[in-house]
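Chain by chain, the residues run as shown.
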Amino acid sequence: MTSELTLADGVRGALLRHARQGLRDGPREVCGVLVGARARERDGADRATDCRRVPNVAANPRTEYELDPAEALAAIEDAEAAGLDVVGFYHSHPESPPVPSETDRDRATWNGYVYLIVAPRTDEVRAWRWTGEAFDPLPIAVE
Amino acid sequence: MDVTVEVVGEETRAVRVADDATYADLLAPFDLSPHEVSVLVEGRPVPEDQPVETDRVKVLRLIKGG
Numbered sequence: 000m001t002s003e004l005t006l007a008d009g010v011r012g013a014l015l016r017h018a019r020q021g022l023r024d025g026p027r028e029v030c031g032v033l034v035g036a037r038a039r040e041r042d043g044a045d046r047a048t049d050c051r052r053v054p055n056v057a058a059n060p061r062t063e064y065e066l067d068p069a070e071a072l073a074a075i076e077d078a079e080a081a082g083l084d085v086v087g088f089y090h091s092h093p094e095s096p097p098v099p100s101e102t103d104r105d106r107a108t109w110n111g112y113v114y115l116i117v118a119p120r121t122d123e124v125r126a127w128r129w130t131g132e133a134f135d136p137l138p139i140a141v142e
Numbered sequence: 000m001d002v003t004v005e006v007v008g009e010e011t012r013a014v015r016v017a018d019d020a021t022y023a024d025l026l027a028p029f030d031l032s033p034h035e036v037s038v039l040v041e042g043r044p045v046p047e048d049q050p051v052e053t054d055r056v057k058v059l060r061l062i063k064g065g
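Sequence lines, in order, name chains A and B. First residue of the first sequence: 0, per numbering that gives the first Met the number 0; consecutive thereafter. First residue of the second sequence: 0, per numbering that gives the first Met the number 0; consecutive thereafter.
No lab work stands behind these hints: they were computed from the structure. Heads up, the beta-carbon is just placed ideally off N, CA and C, and yes, glycines get one too. Check before you lean on any hint, since a few could be wrong.
Derived, one-sided and incomplete: chain A residues facing chain B with beta-carbon distance under 10 Å [what the hints assert, rightly or not]: (1) F88; (2) N110; (3) D135; (4) I139; (5) A140.
With beta-carbon atoms standing in for the labels, derived distance ranges [to be verified]: (6) A:T121 / B:D19: 21 to 31 Å; (7) B:R15 / A:R61: 23 to 33 Å; (8) B:P28 / A:A13: 48 to 58 Å.
So here's chain B without its partners, still in its complex pose:
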């Protein structure tokens, strides 16, 4: 399936993944690790290990430190 992935502040790209892909699989083309981002669907974070159930996600680089 094709999923539109918007990396907030950077780029939007269509990503083709297997039907049983997880949200983490959507990050592979962007060289992003699940540890440094949050994947959001309709404005709410979703667990990266869950299967993709939407055709559009936003990826936010985490803003954190000490």
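One chain only, chain A, in its complex shape:
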């Protein structure tokens, strides 16, 4: 598995803006897809060059998120049509630290992909890779 996530210029700011919007509107969690280039070699870095907002359709959006499936599929297919990879997904924790919750662990399904969490109150962005059993911390490098 790869050892780092690179965020292209502007992506971190875009993630924080989206999360702050959710903080003002709710508070509610916001979510979306990270697109860019997945590492082609075992120790390379995944690189997110853009993020695509997807509506949160969870029943209780203050403490849960679920990407709208149709919108998520459209975002994924748009990225692939542009020659980009799905690097992973992001969501916000408007009222708690940006670390995976028990619910995050129970519901993660995309093995090997990045799960990034944004905390708008503290302007923190942290990333993990879901191994199928656990979230491995993933250092973030901002270009």
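For chain A, the structure is supplied; the task is to place chain B on it using the hints.
Chain B only, in chain A's frame:
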């Protein structure tokens, strides 16, 4: 009937099911539970307990948590 099933981000496979199969039946060869995915036809989710009425579906692992 044969249905082309694409598990988004993973694989595409032809699945043979009975004529009265439901969308949930299409998941069996992939070891996926209806609780962890959404089945989409032409970009729209379909209820997993409904009979299959298409020859191509996409299966999206749900992206959710807390």
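Here is what the structure says about each hint:
Interface hint status for F88 of chain A: upheld, as the beta-carbon distance to the closest one in chain B is roughly 5 Å, under 10 Å. Against a cut-off of 10 Å between C-beta atoms, the interface hint on N110 of chain A holds, since the closest Cβ of chain B lies about 9 Å away. This hint is violated: D135 of chain A has a C-beta 16 Å from the nearest C-beta of chain B, more than the 10 Å allowed. At about 19 Å, the closest approach between the beta carbon of I139 of chain A and any beta carbon in chain B exceeds 10 Å, and the interface hint on this residue is violated.
The criterion of a C-beta within 10 Å of any C-beta in chain B is not met by A140 of chain A, whose closest approach is roughly 24 Å, and the hint is violated. Distance hint for T121 of chain A and D19 of chain B: a CB-CB separation of about 54 Å, inconsistent with the stated range 21 to 31 Å. The given range of 23 to 33 Å is broken by R15 of chain B and R61 of chain A, whose C-beta atoms sit roughly 44 Å from each other. The hinted window of 48 to 58 Å between P28 of chain B and A13 of chain A is violated, with their beta carbons roughly 39 Å apart.
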